[in-house]
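**Q** Sequence:
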Amino acid sequence: MLSDFLIILLIFGIVGFIELPTIIKERQWKEFTVFSVFFLLGLTITIMYQIFEFDFSGISHWLVSVFSYD
Numbered sequence: 054m055l056s057d058f059l060i061i062l063l064i065f066g067i068v069g070f071i072e073l074p075t076i077i078k079e080r081q082w083k084e085f086t087v088f089s090v091f092f093l094l095g096l097t098i099t100i101m102y103q104i105f106e107f108d109f110s111g112i113s114h115w116l117v118s119v120f121s122y123d
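Just so we're on the same page, the numbering used here is the position in the sequence shown counted from 1, plus 53.
These aren't lab readings, by the way, just hints derived from the structure by calculation.
Heads up, a few of these hints could be off.
[Stated by the list, open to error] Estimated spans, in silico, between C-beta atoms of each pair: (1) Ile-112 with Phe-92: 17 to 25 Å; (2) Ser-89 with Leu-63: 31 to 39 Å; (3) Gln-103 with Ile-71: 17 to 25 Å.
[As the list claims (entries may be wrong)] With a Cα cut of at most 20 Å, we get these calculated SDA-like pairs of lysine to any residue: (4) Lys-83 with Thr-99; (5) Lys-78 with Leu-62; (6) Lys-78 with Leu-94; (7) Lys-83 with Leu-94; (8) Lys-78 with Gly-95; (9) Lys-78 with Val-68; (10) Lys-78 with Ser-89; (11) Lys-83 with Gly-69; (12) Lys-83 with Glu-72; (13) Lys-83 with Val-68; (14) Lys-78 with Phe-92; (15) Lys-83 with Ile-64; (16) Lys-83 with Phe-70; (17) Lys-78 with Ile-67; (18) Lys-78 with Gly-66; (19) Lys-83 with Ile-100.
Idealized CB from N, CA, C, for every residue including glycine.
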């Protein structure tokens with residue numbers, strides 16, 4: 054379980070290390086905000102799914118029923 058957590062943090066850390074310096078250097082603060090929100094949301098969902106085995110099927114079924122064309 055700890056190794057899964059460390060692998061997830063390593064992967065997200067590498068992505069952040071590659072993307073963030075350019076965004077900060079070019080002073081793109083709106084892009085930085087959007088990137089940070091989606092980055093933290095993705096990290097949180099990944100940890101909830103992989104580490105805590107959270108079941109997202111209920112949320113998925115609700116989203117499909119709300120946004121379906123039927």
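**Q** Taking each numbered hint in turn, which are not upheld by the structure, reported in ascending numerical order?
**A** 2, 4, 5, 6, 8, 15 and 19
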